[in-house]
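Position chain G relative to chain F; hints supplied.
Spelled out from the first residue to the last, the chains are:
2 protein chains.
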Amino acid sequence: MKSFAAATAQLRRRLGANVVLTDDTARTAASYDSAKLPFRPEAVVRVTQEAQIGAVLALANRHGVPVTTRGRGTTLTGAATPVQGGWVLDTLALNTIAIDDEAGMAHVQAGAKVADIQRAAEAKGWFYPPDPSSKEYCTIGGNIACNAGGMHGGKYGVTRDFVIALRGYLPTGEAVTWGTATKKFSAGFNLRDLWIGSEGMLGVVTGAVLKLIPQPAARWTLLTSFKDETAALRAALALFKLRVQPAICEFLDRESVLCAERATGRAVFAGQAGRPVLLLEFAGGKAEVRETKQIVLGWAAEHATGSRAAKNREEAEQLWAVRRKCSGAMFELGDAKLNEDIVVPMRNYVKFAQFLAKLKRDSGLAIPTFGHLADGNLHVNIMYHKAVPAECRTAERTVRTLMETVVALGGAISGEHGIGLAKTPFLRIQHSPAQVRAMQAVKRALDPNGVLNPGKMFEPFEVWKHPRLEVKLPWDHK
Amino acid sequence: MKSFAAATAQLRRRLGANVVLTDDTARTAASYDSAKLPFRPEAVVRVTQEAQIGAVLALANRHGVPVTTRGRGTTLTGAATPVQGGWVLDTLALNTIAIDDEAGMAHVQAGAKVADIQRAAEAKGWFYPPDPSSKEYCTIGGNIACNAGGMHGGKYGVTRDFVIALRGYLPTGEAVTWGTATKKFSAGFNLRDLWIGSEGMLGVVTGAVLKLIPQPAARWTLLTSFKDETAALRAALALFKLRVQPAICEFLDRESVLCAERATGRAVFAGQAGRPVLLLEFAGGKAEVRETKQIVLGWAAEHATGSRAAKNREEAEQLWAVRRKCSGAMFELGDAKLNEDIVVPMRNYVKFAQFLAKLKRDSGLAIPTFGHLADGNLHVNIMYHKAVPAECRTAERTVRTLMETVVALGGAISGEHGIGLAKTPFLRIQHSPAQVRAMQAVKRALDPNGVLNPGKMFEPFEVWKHPRLEVKLPWDHK
Chain F
1 MKSFAAATAQ LRRRLGANVV LTDDTARTAA SYDSAKLPFR PEAVVRVTQE AQIGAVLALA
61 NRHGVPVTTR GRGTTLTGAA TPVQGGWVLD TLALNTIAID DEAGMAHVQA GAKVADIQRA
121 AEAKGWFYPP DPSSKEYCTI GGNIACNAGG MHGGKYGVTR DFVIALRGYL PTGEAVTWGT
181 ATKKFSAGFN LRDLWIGSEG MLGVVTGAVL KLIPQPAARW TLLTSFKDET AALRAALALF
241 KLRVQPAICE FLDRESVLCA ERATGRAVFA GQAGRPVLLL EFAGGKAEVR ETKQIVLGWA
301 AEHATGSRAA KNREEAEQLW AVRRKCSGAM FELGDAKLNE DIVVPMRNYV KFAQFLAKLK
361 RDSGLAIPTF GHLADGNLHV NIMYHKAVPA ECRTAERTVR TLMETVVALG GAISGEHGIG
421 LAKTPFLRIQ HSPAQVRAMQ AVKRALDPNG VLNPGKMFEP FEVWKHPRLE VKLPWDHK
Chain G
1 MKSFAAATAQ LRRRLGANVV LTDDTARTAA SYDSAKLPFR PEAVVRVTQE AQIGAVLALA
61 NRHGVPVTTR GRGTTLTGAA TPVQGGWVLD TLALNTIAID DEAGMAHVQA GAKVADIQRA
121 AEAKGWFYPP DPSSKEYCTI GGNIACNAGG MHGGKYGVTR DFVIALRGYL PTGEAVTWGT
181 ATKKFSAGFN LRDLWIGSEG MLGVVTGAVL KLIPQPAARW TLLTSFKDET AALRAALALF
241 KLRVQPAICE FLDRESVLCA ERATGRAVFA GQAGRPVLLL EFAGGKAEVR ETKQIVLGWA
301 AEHATGSRAA KNREEAEQLW AVRRKCSGAM FELGDAKLNE DIVVPMRNYV KFAQFLAKLK
361 RDSGLAIPTF GHLADGNLHV NIMYHKAVPA ECRTAERTVR TLMETVVALG GAISGEHGIG
421 LAKTPFLRIQ HSPAQVRAMQ AVKRALDPNG VLNPGKMFEP FEVWKHPRLE VKLPWDHK
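Quick note, the sequences are listed as chains F and G, same order. When the count follows our numbering, it moves up by one through the first sequence with no breaks and lands on 478 for the last residue. When the count follows our numbering, it moves up by one through the second sequence with no breaks and lands on 478 for the last residue.
Keep in mind that a hint or two might mislead.
Below, simulated DSBU-like cross-link-like pairs (lysine-lysine); rule was C-alpha separation at most 35 Å, straight line [said to hold, decoys possible]:
#1 G:Lys-293 to F:Lys-155
#2 F:Lys-311 to G:Lys-286
#3 G:Lys-386 to G:Lys-227
Partner residues aside, some chain F positions facing chain G, computed with beta carbon under 8 Å [said to hold, decoys possible]:
#4 Gly-125
#5 Ala-309
#6 Val-350
#7 Arg-393
#8 Ser-414
#9 Gly-415
#10 Leu-427
#11 Gln-430
#12 Arg-444
#13 Val-463
Hints in this document: simulated from the structure, not taken from any laboratory. Note that CB positions come from ideal geometry on N, CA and C, so glycine has one too.
So here's chain F without its partners, still in its complex pose (with noise of 0.2 Å):
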């Protein structure tokens, strides 16, 4: 890795010894991100006024140092990993928040916190509803960054739908507007969704301005089980149909309904351990809500084994257990996961649901696979056995017949989660040459020093052939 010495002095020099840390901790801990794929920094920036951006990049260029700038560092694709060494920036310092009443936005900078925007809307009757399950941890910036989704995708949209306006800096270090505090813009190239899910690769963000939509007066929580995989996902086509539109509609097939049992110690239903279950939400003013309730308990009649539905939040929390407990308690099934976070296409979801099947009986491995039906967005968790070789080697081919089978179906590698590193290998199964030669074309244009963020996105990374650390993060699944 190339030492950038004499430039990381000047910048210290240029910006103290607060804001450009060299120590070994601060250094250690901007090395990895949720990936835990250490590659050391030769410093970290930890930024306290934008403007610093400026003369950060302004100096990376003239010595074509790398920067990778940081959030809280939750990504599951190493995006916010320092792979070729240089300055990481770090931005969570810059975390002001503050809500446009009157206008129904949101003012903050890229290092506020998703969860305390989300409060701070709520306080004042908004709703800001992209919520990846990292919220009370990951920065906006970050969200941008990969255009985070969540569970609420499909009914409100992803964080690309809620951001209005960006400032922040381009690669050569100038600062920019993109948009303006207005719900309508259409003055010059977009740049502002360009940088959307960029990864960091073609400017820094360091604020936004988010739209936010009236908070619904009402939730309604009801969890259903089905005899099958199959059986739960012509259910959702059929609840679809219907026109009421969850807020959230999660599946989980039976393999992470198992973990989620195994976890809490108990069967979801009474008497039928292991069926998959959706787990729905409906949101909105009382009267819909209350409309909706009696078209959706109609269908439950119709389709599901079991259904239970909550009479307050308290309730809702309750059914909300299964779906939390699912994650960590796949670790049982293998220590080493490959978390996927596929799309596939409503027309194909039983095609895919087969597929996936297939791929859990050839492989021999457990996939425990839940997500987002309303979007169409998967968790496929692909579980192994790191010091068991033959496991390993299975794996790295499950892991791109997958993608191969999702892009077929007409589906993404990605819903919400970006490339980072972890997804490089696959970046070429979705894209054709010519767009991927457009992408560059673009990178270059914007970065000429290529600073931002390099080794990202277009050079392949075998992820499943690098150690990953072992680290416990406040974030991870318990």
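Relative to chain F, chain G alone:
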């Protein structure tokens, strides 16, 4: 203007004389759009298959032929005007529409008419909200090119918010697809959204997958009047504070109302001639709309000087007359119009109303203004007489003052029309030199030979110095 006779002959041999038209009628018809600024193309390429576009672009790149993509040509900015000659790529024959009933998506080709898409969706219980006033003529390709909006923007969003995937051709002629027919996609740079609003300069859209939402079961329309503009704007803000989201919230200032009243021959509210109005429409489930109605009637009693609710669709249509009639009648105030579509953030509505009143006084021009208050997108119509040089100069000065003020108030120079030719003099009021440089770098990266829609966006074109064609188009306001 450069001539490309050899290239045109070659293209004609390649695609046939039925596709590559060089006759006078075709070239004249394609020489202008709704901006009515004629520039004669060398040929009109009426493609009948998407793949022909690849051939057109390959040849255009080899010979440096400007290519201007065209839908119906309803754009008011001149974005579809072949200002540098060359070839006009007419996409009207690519007009298929297929509704995916299960997923709630529309698969359409670029030349499909927006109102046809809405009707096809509605027939299956789905709703496609973006509704530019030219929807009975304009194509979805054109809507994507300028990120068209319409009256539903505040609650539902604009074209961008409903585009799930795009397919088409890079400026260099390669076929590409951005996104999949799924509601989540986070795999690679987002060139889909970079294309949206890029006014045919970064690629040619041939097809799109659009998101649909459930058709609202109920609608309710209310027309209200206020003592003056400031009172109307304050009332709108008070309404939004109640967290009811009107599907439509149209504002008409005094001058616009007077235009409508002249056109219909009677006062909107008897005895209240020239009172500014808000035209409100609420949409949703039956129970939801019923709930909202009570809240809104209470609001109207408190804030409005007059109010009239529709009991059915027919009465609603009568209320809508005021909005539909105002534009045409404006030409009694001048025979030339600078039709702007600026956006103002909600917090500055009242300031903007005060500025507009002063602008009218200072300029001595009639500037009837109406538009979409739920998103701040206002149509400011600067009327003047083109034979009066002093009025022309005043109009030119006035539009610049308007743009500078809008940006100073935190707004946008265009909300839904785009830049095209007409707003090129103002692009640099909205965007800093670094922002413009970044956009131009992206343009060069994707279109190295500069063939797609050259002369737009970045090169100032003073529309008021060019004579406009005296021609009546089918979508011109009566």
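If you draw a straight line from the CA of G:Lys-293 to the CA of F:Lys-155, is it 35 Å or shorter?
Holds - the C-alpha atoms of F:Lys-155 and G:Lys-293 are around 24 Å apart, at most 35 Å.
Interface hint check: F:Val-350, Cβ to nearest Cβ on chain G, cutoff 8 Å. Holds or violated?
violated, 11 Å
When the least beta-carbon distance from F:Ser-414 to chain G is tested against 8 Å, hint result:
OK, holds: F:Ser-414 within 8 Å of chain G, min 5 Å.
Restraint: F:Gly-415 near chain G, CB-CB cut 8 Å. Satisfied or not?
Status holds, d = 3 Å.
For the restraint on F:Gln-430, tell me whether the closest CB of chain G is nearer than 8 Å.
holds, 5 Å
Distance restraint between F:Lys-311 and G:Lys-286, which requires alpha-carbon spacing of 35 Å or less:
holds, 24 Å
Is it true that the CA of G:Lys-386 sits at most 35 Å from the CA of G:Lys-227?
holds, 33 Å
Would you check whether F:Arg-393 satisfies its interface hint, that is, whether its CB is within less than 8 Å of any CB in chain G?
Violated: closest Cβ of chain G sits about 25 Å from F:Arg-393, beyond 8 Å.
Against chain G, with CB atoms and a cut of 8 Å, does the hint on F:Val-463 hold up?
Result: violated, 16 Å to nearest chain G Cβ.
Min Cβ distance, F:Ala-309 to chain G: is it shorter than 8 Å?
violated, 19 Å
Can F:Arg-444 be said to touch chain G, with a Cβ gap under 8 Å?
With Cβ-Cβ at 7 Å, under 8 Å, it holds.
Hey, does the F:Gly-125 contact hint survive, CB to chain G under 8 Å?
Hint on F:Gly-125: holds, closest Cβ of chain G at ~6 Å, below 8 Å.
Consistency with the previously given hints fails for numbers 5, 6, 7 and 13, ordered from lowest to highest.
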